[in-house]
Amino acid sequence: MSKVKELPGEAIVAATQAPSVRNTVVAYVQRVRGGDMGALPAVLGLVVLCAVFTTARPSFFTAINFANLFTQGAAVTLIAMGLVFVLLIGEIDLSAGFASGVCAAVLAVTLTSAGLPWYVCMLAAVLTGVVIGTVLGTLVAKVGIPSFVVTLAAFLAFQGLVLVLVDEGTNISIRDEMIVAIANRNLPPWLGWALYLVCVAIYAAVQLRRARSRTRRGLVADPPWLIGVRVGALALIAGLAVAALNLERSRNPNLVSLTGVPIVVPIILALLVLWTVVLRRTSFGRHLYAVGGNTEAARRAGIPVDRIKIMAFVICSSMAAIGGIVAASRASSVDPNTGGSSVLLYAVGAAVIGGTSLFGGKGRVLDAVMGGAVVAVIENGMGLMGYGASVKYLVTGSVLLLAAGVDALARKRASAAGLR
Amino acid sequence: MTPLLELRGIDKSFGPVKVLHDVGFSAYAGEVTALVGDNGAGKSTLVKCVGGIYPIDAGRLFFDGREVHVHSPRDAAELGIEIVYQDLALCDNLDIVQNMFLGRERKNGLLLDEDTMEELAERTLSGLSVRTVKSIRQQVSSLSGGQRQTVAIAKAVLWNSKVVILDEPTAALGVAQTAQVLELVRRLADTGLAVVLISHNMNDVFAVSDRIAALYLGRMAAQVRTADVTHAQVVELITSGRSGDLGLKNGVTP
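These protein sequences, in sequence, are chains A and B.
Under the working numbering, the residue at position 381 of the first sequence is numbered 381, and the numbers go up by one with no gaps.
Under the working numbering, the residue at position 132 of the second sequence is numbered 132, and the numbers go up by one with no gaps.
Bound-form chain A, shown alone (with noise of 0.2 Å):
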């Protein structure tokens, strides 16, 4: 009893489409094209300003300033791992660089006054992030107040808290062993090998895996040359990587060794596979994508927009909180100006740069690290070439600029290429 008439014509089925090697580049040209770029203007930068520091200063590419680098962005990056979950909702958390500074001083706290063990400590740290997300996600999604106000006031605030904490301003110096080793000692070469061959090994066990089980359903799965593809540049990257740490970079080796692996940067790669999982595997991740997306639409689908909201804040306040840990091992001590300064715009510009939106929806935790990346290199590049305080600032703020830049005209294109 069909009234309409078939359309003939319009049955055009391209649904599987040969993942060939010409089709898989030009479908990632036109992406690119199209302004949906992911970290490639993160690895553009990393490796343009990699070459200008190596020639202009060449202490720049030597292991000891390579090394340097993880521990210098560590802090930056981990709060950048989590503002990409606010960013994800369309929010924003100006606060995340003074939380980290407020956890940083509950563990110097507890770990000086109150005496605790280490991992005591941590966990008290870890919990006022979780506490301080809450309060903020509830003010942002129950309350309705924009995020933009609640987090300025709680930057503010935090700033109060933490002077409160240190005694209005005295220094706290951290001495216990494990705190310390976070970010000032190095896993034993050996372990760092070993490490390295079991991420590899996991990565090509998890990709093949996933191609097996979709060629075996008929549905259209990677081909072999592309998981292959992306293990051995996985391989090759991290094991140049491994191998560059494992090299001594002690000034004086018969006196003290300095080799391997920072022990901040499988702390980093553990977050990182974490969270990614979390956004990429569960439907917690999925509806903080769709939220950002259009929450209207997240709504009625069913999703408890609200609760959602919060946890996105309490994830981002939680890795501050790692962040203040990190850099509180890093200097031996807690001080005022814990994650103040530049720390916070250093994070978003970190989660910015590696290609997070700031309209919300589109975002990877690794475009953190990536970004994160970054802005160690122009940090230390910039301390390597003798520049002031001044120089640092203009740059950076001219980065986060940039890279704001770029987002705001991707987005302006993938509109008119009908890709958003």
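Do not rely on the hints blindly, as some may be mistaken.
With a straight-line Cα cutoff of 27 Å, these simulated BS3-like cross-link-like pairs (lysine-lysine) come out [to be verified]:
1) B:K48 - B:K18
2) B:K134 - A:K412
3) A:K142 - B:K48
4) B:K18 - B:K249
5) B:K107 - B:K134
6) B:K48 - B:K162
Calculated directly from the structure, the hints in this document are not laboratory data.
Predicted model, so just to flag it, every value in this text is computed and none were measured.
Since chain A is already given, all that's left is putting chain B on it; use the hints.
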């Protein structure tokens, strides 16, 4: 034949404004029932009452012959009533599969079962003979208006729904895309669903509907079989509430 969805004597006011007066409405399985009426006649309000978004002031709702109470969108979904709203409820930054399962993802333990979702989405789309999307893993933002509407409709039928209500599905579409969506609407009814199509467009209504229900200023002017009326009669029902023997008598439902 018992209607799958039947409303009797629905009243709804927003403060002092009475939007629906004593509205009766029926939709039958396997048929497309067009709900027509001028702007402000109460079409969208009626649909939102069925969908559990607005509580009704008076009246009864029957589903498959037995009386039911719908207090929330969840109640409606449990009965098998799905509404595809005018402003599409799709997330641009997610792909077709992700959108179709949004809020009701299949899980394998803690993690998402992407492969099963992709298979089910593929099956639903090919069940609806949708062949115009390149890949069901492409982002919704890259789809045309008609394709997006198709995804929204497919999302509604994925859940073994029995009644699908479409709020002006062709309002923003071009000629070819409108035909494509109407074809899909017809196919939904042919698979045994009760389809309610809200539309302003007489051509669309006469192209796919089996019955027409015309609302006039919050009252049900007439419910007729499409084959029994002409274009002009329906336009008269919409604009004045009556047409010859059909329609309201002295402003009330006879």
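Non-conforming hints, listed in increasing numerical order: When the structure is compared with the hints, none of them turns out to be violated.
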